[in-house]
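Trainee: The residues making up each chain are set out below.
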Amino acid sequence: MFPTPIQKASLKINITYKVLLIITLVLWLLPLIAVMMTSVRTSGDILKGNYWTVPTEFALIENYGTVFKLGNLARYFFNSLVITLPTVLGTIVLSSMTGYTLAVHRFKLNFLVFAMFIAGNFIPFQILMIPVRHLTINLGMYDTYWGLIVFHIAFQTGFCTFFLRNFIKELPFELIESARADGATEWTIYRKIIIPLTLPAIAALAVLEFTFIWNDYFWCLILSQSEGTKPITLGLQTLQGQWMSSWNIVSAGSVVAALPPVIMFFTMQKHFIQGLTFGAVKG
Amino acid sequence: MTFWQRNQLRIAPFYFLAPGLMLFLIYVIYPIIDSIWVSFHEWNGMSKDLLKADGTPKNWKWVGFGNYIDLFQDEDFYVAFFNNVRWLILSLLVIPLGLALALFLNQDFKGMRYIKSLFYFPFVINLVVVGLIFAWFYNPKYGLLGQAFSGLGLKPIPILSDELYATYGIIFASFWPSIAYTMIIYITGLTGINREMIEAGRIDGASGFKMLWHIILPQLKPATLIAVVVTIVGALRSFDLIAIMTAGGPWGSTKVLAYKMYEEALFNFRMGYGAAVATILFLLMDIYIAYFLYNLFKNERGAK
Chain A
502 MFPTPIQKAS
512 LKINITYKVL
522 LIITLVLWLL
532 PLIAVMMTSV
542 RTSGDILKGN
552 YWTVPTEFAL
562 IENYGTVFKL
572 GNLARYFFNS
582 LVITLPTVLG
592 TIVLSSMTGY
602 TLAVHRFKLN
612 FLVFAMFIAG
622 NFIPFQILMI
632 PVRHLTINLG
642 MYDTYWGLIV
652 FHIAFQTGFC
662 TFFLRNFIKE
672 LPFELIESAR
682 ADGATEWTIY
692 RKIIIPLTLP
702 AIAALAVLEF
712 TFIWNDYFWC
722 LILSQSEGTK
732 PITLGLQTLQ
742 GQWMSSWNIV
752 SAGSVVAALP
762 PVIMFFTMQK
772 HFIQGLTFGA
782 VKG
Chain B
538 MTFWQRNQLR
548 IAPFYFLAPG
558 LMLFLIYVIY
568 PIIDSIWVSF
578 HEWNGMSKDL
588 LKADGTPKNW
598 KWVGFGNYID
608 LFQDEDFYVA
618 FFNNVRWLIL
628 SLLVIPLGLA
638 LALFLNQDFK
648 GMRYIKSLFY
658 FPFVINLVVV
668 GLIFAWFYNP
678 KYGLLGQAFS
688 GLGLKPIPIL
698 SDELYATYGI
708 IFASFWPSIA
718 YTMIIYITGL
728 TGINREMIEA
738 GRIDGASGFK
748 MLWHIILPQL
758 KPATLIAVVV
768 TIVGALRSFD
778 LIAIMTAGGP
788 WGSTKVLAYK
798 MYEEALFNFR
808 MGYGAAVATI
818 LFLLMDIYIA
828 YFLYNLFKNE
838 RGAK
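First to last, the protein sequences are chains A and B.
Quick note on numbering: the first sequence equals residues 502 to 784 in my numbering.
Quick note on numbering: the second sequence equals residues 538 to 841 in my numbering.
Be a bit skeptical, because a hint or two may be false.
Derived EDC-like pairs (lysine to aspartate or glutamate); straight-line CA-CA distance at most 20 angstroms [claimed, not checked]:
1) A:693 x A:678
2) B:758 x B:699
3) A:570 x A:728
4) A:509 x B:579
5) A:519 x B:645
6) B:598 x B:613
7) A:513 x B:571
8) B:835 x A:546
9) A:693 x A:671
10) A:509 x B:741
11) A:609 x B:837
12) B:585 x B:571
13) B:747 x B:733
14) B:678 x B:700
15) A:693 x A:683
16) B:678 x A:683
17) B:598 x B:579
18) A:693 x A:675
19) B:747 x B:736
20) B:589 x B:579
21) B:595 x B:579
22) A:670 x B:837
23) A:771 x B:645
24) A:509 x B:736
25) B:595 x B:612
26) B:678 x B:699
27) A:509 x B:700
28) B:758 x B:733
29) B:598 x B:571
Residues of chain B placed beyond 10 angstroms of chain A at every Cβ, according to the derived structure [to be verified]:
30) 568
31) 575
32) 595
33) 610
34) 644
35) 693
36) 694
37) 805
38) 825
39) 830
Simulated from the structure, these hints should not be mistaken for lab results.
Glycine residues also receive a C-beta, built at the ideal position from the N, C-alpha and C atoms.
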């Protein structure tokens, strides 16, 4: 291990390290700590300019109640869920199919199609903006859940195909060959062999995609506008416009908006890291 | 055997690819081509089919390279372009910083796993929240920075409303999630390091920086490649934080190409002009896409 494991060092160094670790952690998360503390402050505290002290009074229920009732946050939260969950599901279904065939079948355009999916990951969103917006308007899907869902699925399929194709390529090919010898169709192989073996990768992708889509800001800005469709990223900005200097209210909204990916991340940490650093070890 | 069964292996790719590929072609490949096509036109975004009295389209006109010529004479374009350059260069700092943090955290004792995951947090938090937090931090009246300045007896600088500092303020905010990202990449990279080589290095008397430079970094090459690609793409894509923290202001000083494009198309209704900006951004990014694909292609060949 590098650097040298701390256990091998003297007690003095051990203590210094741990103290430094805690200080770094607090500094690193200071912005978050501030937001969480502010989200339970009373307006009186805010008016007095007590931002960085321990709150004199707690207004947890009032503040969070306000964002949900007056700030329409419940609606934005719901919209985000309705957009995110089908997107994750759809992307995984489509990309497990494309990933499977690109990993297993030999055909002429295989590498070209694969390269196209990869290249799609890196393009700037702006090159898609005008046509995608017009296409969505022309299909009657502007400012609907479907407009965002279908676009997200199409775009994310690129990254997920890349990811799953490489994963499936590492699976033992003999399994597929022996299934073929037993007369299994390609569709059966995909469903009965590939999907079960690919589940860890799918879990990793699901967590990652959930975070990407939940946190998307640009495409909601381009493809939605009304309260009924707006997801939470956009909703939070609206909230900030309404409650300009009520930092306690805006902070409460921020905590709610940030929470689902954070929970997802904490509970599925192992999968998350696997997904994120895919390729960082193997190249 | 039926025809279907005999030709299964040849037919399978089509139906496995069809749904995903079709969506991808419609929503990603076609729009790229369409954007480039639009960039050679003057278009206000209204119907292209509406005709004027003389039979020519009312809202849609071919202008050749007109948009690009305008662009290169537009002072605003250079502001945005050089802001992108600033983003790009400064963002590269994120790589060594992420590595340093990863090395600092690469210890293993009880509870360390949870501490590490707390360090990952900024990466999963959405940029609207990050933007709001930092806008507040920079606020001269209420923010921590302003209070620190006052505490030192100095006049607080309104970072985000000062042309000189605003872009740097936003870039600095972007460091928080980006460092978290490169750190995650390096922490995983570090777990894959060959232990024997480290031991051998220790026996040879290498330690500290020498060890890092000669033994650790070469093994972290794949992680570094990913970190570089992610950082560069992120820097060229920067949009969210700018939209949230300054909306391109003060006086357009924080605009980047991505933001300028958005503004021209959606607020000034100059689709062609916006598409030209997007095309330039796309061409810049292509250099990196080509490099990445080239690397990948080399590896695939090597693996065979």
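Trainee: Now tell me, hint by hint, if it's right for this structure.
Mentor: We went through each hint and held it up to the structure:
1. Restraint check: the Cα-Cα separation between residue 693 (chain A) and residue 678 (chain A) comes to about 14 angstroms, which is no more than 20 angstroms; the hinted pair holds.
2. Between residue 758 (chain B) and residue 699 (chain B) the CA atoms are separated by roughly 39 angstroms; this puts the pair beyond 20 angstroms, and the hint is violated.
3. Simply put, residue 570 (chain A) and residue 728 (chain A) have alpha-carbon atoms about 14 angstroms apart, close enough for the 20 angstroms limit, and the pair holds.
4. Simply put, residue 509 (chain A) and residue 579 (chain B) have alpha-carbon atoms about 69 angstroms apart, too far for the 20 angstroms limit, and the pair is violated.
5. At roughly 12 angstroms between alpha-carbon atoms, residue 519 (chain A) and residue 645 (chain B) fall within 20 angstroms of each other, so this suggested pair holds.
6. With a CA separation close to 24 angstroms, the supplied pair residue 598 (chain B) and residue 613 (chain B) exceeds the 20 angstroms bound.
7. Of the pairs offered as hints, the one joining residue 513 (chain A) and residue 571 (chain B) is violated, with about 65 angstroms between alpha carbons and a cut-off of 20 angstroms exceeded.
8. With a C-alpha separation of about 61 angstroms, the suggested pair residue 835 (chain B) and residue 546 (chain A) falls outside the 20 angstroms cut-off, and the hint is violated.
9. The suggested pairing of residue 693 (chain A) with residue 671 (chain A) holds, with an alpha-carbon distance near 17 angstroms, which does not exceed 20 angstroms.
10. A threshold of 20 angstroms between alpha carbons decides the hint, and for residue 509 (chain A) with residue 741 (chain B) the separation of about 19 angstroms falls inside it, so the pair holds.
11. The suggested pairing of residue 609 (chain A) with residue 837 (chain B) holds, with an alpha-carbon distance near 16 angstroms, which does not exceed 20 angstroms.
12. For the hint linking residue 585 (chain B) to residue 571 (chain B), the alpha-carbon distance of about 13 angstroms falls within 20 angstroms, and the restraint holds.
13. A C-alpha spacing of about 16 angstroms is found between residue 747 (chain B) and residue 733 (chain B), which places the hinted pair at or below 20 angstroms, so the restraint holds.
14. The hinted pair formed by residue 678 (chain B) and residue 700 (chain B) meets the criterion: a straight-line CA distance of about 18 angstroms does not exceed 20 angstroms.
15. For the suggested pair residue 693 (chain A) and residue 683 (chain A), the alpha carbons sit about 13 angstroms apart, so the restraint of at most 20 angstroms is met.
16. A threshold of 20 angstroms between alpha carbons decides the hint, and for residue 678 (chain B) with residue 683 (chain A) the separation of about 74 angstroms lies outside it, so the pair is violated.
17. Taking the CA atoms of residue 598 (chain B) and residue 579 (chain B), the gap is about 5 angstroms. The hint holds against a cut of 20 angstroms.
18. A threshold of 20 angstroms between alpha carbons decides the hint, and for residue 693 (chain A) with residue 675 (chain A) the separation of about 15 angstroms falls inside it, so the pair holds.
19. A distance of roughly 14 angstroms separates the Cα atoms of residue 747 (chain B) and residue 736 (chain B); the hinted pair therefore holds under the 20 angstroms criterion.
20. About 15 angstroms separates the Cα atoms of residue 589 (chain B) and residue 579 (chain B), which keeps this hinted pair within 20 angstroms; it holds.
21. For the proposed pair residue 595 (chain B) and residue 579 (chain B), the alpha carbon gap of about 10 angstroms is at most 20 angstroms, so the pair holds.
22. As the CA atoms of residue 670 (chain A) and residue 837 (chain B) are separated by approximately 11 angstroms, the hinted pair is consistent with the 20 angstroms bound.
23. Among the hinted pairs, residue 771 (chain A) with residue 645 (chain B) is consistent with the structure: their alpha-carbon atoms are about 16 angstroms apart, no more than 20 angstroms.
24. Proposed proximity of residue 509 (chain A) and residue 736 (chain B) is supported: the alpha carbons are some 14 angstroms apart, at most 20 angstroms.
25. The hinted pair formed by residue 595 (chain B) and residue 612 (chain B) fails the criterion: a straight-line CA distance of about 29 angstroms is larger than 20 angstroms.
26. Restraint check for residue 678 (chain B) and residue 699 (chain B): satisfied, since their Cα atoms lie roughly 15 angstroms apart, inside the 20 angstroms limit.
27. Between residue 509 (chain A) and residue 700 (chain B), the direct Cα distance comes to roughly 51 angstroms. Violation of the 20 angstroms bound is thereby established for this hinted pair.
28. For a cut-off of 20 angstroms, the pair hint linking residue 758 (chain B) to residue 733 (chain B) stands: about 18 angstroms separates their Cα positions.
29. Distance restraint check for residue 598 (chain B) and residue 571 (chain B): the Cα-Cα separation of roughly 15 angstroms lies within the 20 angstroms cut-off, and the hinted pair is therefore satisfied.
30. For residue 568 (chain B), the non-interface assignment is contradicted: its Cβ lies about 4 angstroms from the closest Cβ of chain A, within the 10 angstroms cut-off.
31. For residue 575 (chain B), the shortest C-beta to C-beta distance to chain A comes to about 6 angstroms, within the 10 angstroms cut-off, and the non-interface label is violated.
32. Taking the minimum C-beta to C-beta distance to chain A, about 16 angstroms, the non-interface status of residue 595 (chain B) holds against the 10 angstroms cut.
33. For residue 610 (chain B), the shortest C-beta to C-beta distance to chain A comes to about 21 angstroms, beyond the 10 angstroms cut-off, and the non-interface label holds.
34. Not every beta carbon of chain A lies more than 10 angstroms from that of residue 644 (chain B), the smallest distance being close to 5 angstroms; the non-interface claim is violated.
35. Chain A leaves residue 693 (chain B) outside its interface by the beta-carbon criterion, the shortest separation being 13 angstroms against a cut-off of 10 angstroms.
36. Distance check for residue 694 (chain B) against chain A: the nearest CB is about 18 angstroms away, which clears 10 angstroms, and the non-interface claim stands.
37. With a cut of 10 angstroms on Cβ distances, residue 805 (chain B) stays outside the contact zone with chain A, its closest approach being about 13 angstroms.
38. With 10 angstroms as the threshold on Cβ separation, the claim that residue 825 (chain B) sits away from chain A is violated: the shortest Cβ distance comes to roughly 6 angstroms.
39. Non-interface status of residue 830 (chain B) relative to chain A is broken: a Cβ of that chain comes within 10 angstroms, the nearest being about 6 angstroms off.
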